[in-house]
Amino acid sequence: MIGTLLRHELRRHYAGTGVWLALASAQLLLAWMAFAQLEIYLRIQPRLAALASPLGITDLVTTPTLASTALALLLLAPLLGMGAIAAERRSGRMALLLSSPVSPLALALGKWLGQLVALLLVVVLSLSMALVIGLGSHLDAGRLAASALGLLLVACLASAVTLWFSSLVDQPLAAAALSWGLLLLLWFIDSSGGESLAVLSLRSHLEPLLQGLVSLRSLAWFAVLTVAPLVLTVLQLRRLEGRD
Amino acid sequence: MERGDILLQGEELGRRDGPVARLRGLDLELRAGEVTALLGVNGAGKSTALALLSGALRPTRGRVRVLGLDLHRQPRQARRHLGLLPERPPLYPELTVDENLDFAARLRGLDRRQARQARRRVKRQLDLTAFGRRLAGRLSRGMAQRVGIAQALVHEPEVVILDEPTAGLDPAQARELRQLIAGLGDGRAVLMATHLLQDVEQLCQQVIILREGRPVTRERLGEGKGARIHLQRPPAPGELQKLPGITRVTEQHDGWFELTLEAPPETVARELALRDWGLTDFIQHRHDTERLVNLMVEA
Chain A
572 MIGTLLRHEL RRHYAGTGVW LALASAQLLL AWMAFAQLEI YLRIQPRLAA LASPLGITDL
632 VTTPTLASTA LALLLLAPLL GMGAIAAERR SGRMALLLSS PVSPLALALG KWLGQLVALL
692 LVVVLSLSMA LVIGLGSHLD AGRLAASALG LLLVACLASA VTLWFSSLVD QPLAAAALSW
752 GLLLLLWFID SSGGESLAVL SLRSHLEPLL QGLVSLRSLA WFAVLTVAPL VLTVLQLRRL
812 EGRD
Chain B
280 MERGDILLQG EELGRRDGPV ARLRGLDLEL RAGEVTALLG VNGAGKSTAL ALLSGALRPT
340 RGRVRVLGLD LHRQPRQARR HLGLLPERPP LYPELTVDEN LDFAARLRGL DRRQARQARR
400 RVKRQLDLTA FGRRLAGRLS RGMAQRVGIA QALVHEPEVV ILDEPTAGLD PAQARELRQL
460 IAGLGDGRAV LMATHLLQDV EQLCQQVIIL REGRPVTRER LGEGKGARIH LQRPPAPGEL
520 QKLPGITRVT EQHDGWFELT LEAPPETVAR ELALRDWGLT DFIQHRHDTE RLVNLMVEA
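Going line by line, the protein sequences match chains A and B. Number 813 in our numbering belongs to position 242 of the first sequence; there are no gaps in the numbering. Number 416 in our numbering belongs to position 137 of the second sequence; there are no gaps in the numbering.
Simulated from the structure, these hints should not be mistaken for lab results. Note that CB positions come from ideal geometry on N, CA and C, so glycine has one too. Just so you know, not all the hints are guaranteed correct.
To be verified - Which residues of chain A face chain B? A few of them, derived with a C-beta cut under 10 Å, are:
hint : residue
1    : MET572
2    : ARG578
3    : HIS579
4    : ARG583
5    : GLY587
6    : GLY663
7    : MET665
8    : LEU667
9    : LEU668
10   : SER671
11   : SER674
12   : GLU812
As the list claims (entries may be wrong) - Take a look, some chain A residues computed to stay more than 10 Å from chain B by CB distance:
hint : residue
13   : THR575
14   : ALA607
15   : ALA638
16   : SER639
17   : VAL673
18   : LEU680
19   : LEU698
20   : GLY713
21   : SER775
22   : TRP792
23   : LEU796
As the list claims (entries may be wrong) - Over 10 Å on every C-beta distance to chain B, these chain A residues come out as not near it, computed from the model:
hint : residue
24   : TYR612
25   : LEU669
26   : VAL785
Take these sequences, add in the hints, and give me the full structure.
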């Protein structure tokens with residue numbers, strides 16, 4: 572049943588032009604940023620070589636591009652997922668889902684995976700861009716793998732948060748606004764300089780991964796912030812069913 | 280299923296949200312081959328009742344059994360026997376009719392091959408064969424409603440629940456849809472919420488009226504009979520109602536009365552003729568239209 576819901580979500584996403592436009596815009600923006608980074612790198616490369624600097628193309632082009640991809644994921648996830656449940660409630664289709672033999676858990680997982688897989692297209696294209704850059708230079712494969720893991724975790728988290736907000740309201744735009752609010756708060760929360768806030772910060776957990784460092788602490792942080800909204804979504808679906 | 284078999288039973292159904300009682304004490308039985316109407320003004324509890332009976336909402340009191348399965352304890356098994364058309368057809372406008380039907384079938388547990396076969400069958404049944412590739416968002420209201428019913432029937436459920444199926448349709452579309460509902464077959468029980476006299480008159484064998492979340496009237500149409508009489512020297516309506524076999528009297532004008540009868544009409548006519556009330560006309564209704572009108576007004 573989860574597979575049916577996943578395929579259905581993907582089919583819905585890719586049947587509309589809006590999603591294609593959003594994905595294409597994000598990709599254009601990321602490609603433009605990658606080229607800008609590459610241009611800077613090519614300009615300063617002779618000086619770096621003269622200084623025997625350890626900084627290479629991975630540090631100066633690939634990692635900043637993938638960090639921008641993470642931010643793009645936070646912006647795109649609410650666009651893709653805002654209607655996952657809110658639009659079902661608004662259109663009256665929720666009755667079809669709730670009266671069918673699908674459990675709230677399966678429904679939440681199917682919807683979440685549908686958003687996630689749609690979002691992973693951005694990750695795949697960004698990584699492809701990094702690999703293309705790597706064709707003409709030497710890329711740190713381990714670091715690229717850790718970065719890919721980081722982006723996957725960001726996509727998981729952003730989709731889960733959006734799904735939860737989408738289950739709370741019946742206005743997709745309200746769900747998107749709430750999701751952007753929370754996701755950007757998590758991104759910028761350590762900007763105020765508070766050390767204690769760094770533990771909540773998405774960037775402080777993503778950056779080690781982009782540097783190639785996979786720590787249990789970061790993995791646990793992402794796992795908690797992905798599983799918690801999913802659990803809350805299941806509870807909300809049960810509430811909509813009138814169980815709680 | 281044999282005609283008359285009980286397919287769905289609601290016992291003492293109730294739903295309370297905080298201090299608000301949405302529905303109280305609804306008992307009903309849906310039998311194979313019968314269409315039951317749920318009548319009531321907006322806010323009377325019809326939608327809550329349909330949501331509880333379709334499994335979209337849990338009751339806070341009572342239970343629902345579908346073919347003997349408890350809808351809320353064995354939801355996966357029980358829901359396979361239910362088909363629901365909500366107030367608005369639950370269509371995804373960006374997907375084609377075929378995709379919408381396939382999704383509805385898969386949701387009800389059919390595998391891919393079964394879903395494809397079921398889709399073909401239901402499209403033939405509802406005359407939708409030419410519309411398979413059309414986007415659901417581009418269908419007319421009547422056609423969308425037809426696809427909504429196809430979604431409710433795609434897995435061949437024994438119990439079909441329809442929320443205002445003919446609302447918003449033009450007369451021709453409504454007539455077509457009524458024919459379609461009437462042809463759903465002997466093996467199915469249909470429950471429909473409606474506001475329309477024609478729906479009840481042409482389709483239903485049972486009527487339940489809800490008011491403020493409570494069932495206030497339950498009528499089995501066709502069991503009782505009606506008659507229109509004229510008396511030259513009419514008594515007070517209360518006197519008329521005391522006669523055996525008369526359950527309701529509605530005074531009209533110039534000595535005309537509408538009667539609802541529980542006894543055979545000839546028995547009541549004999550009783551009336553024995554009184555010195557000057558019975559000049561006794562017109563037996565061949566249909567329960569007057570009762571239906573009264574029920575609708577009551578609702």
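Exercise for the section: If any of the earlier hints don't hold here, list their numbers in rising order. Expected result: 13, 17 and 25
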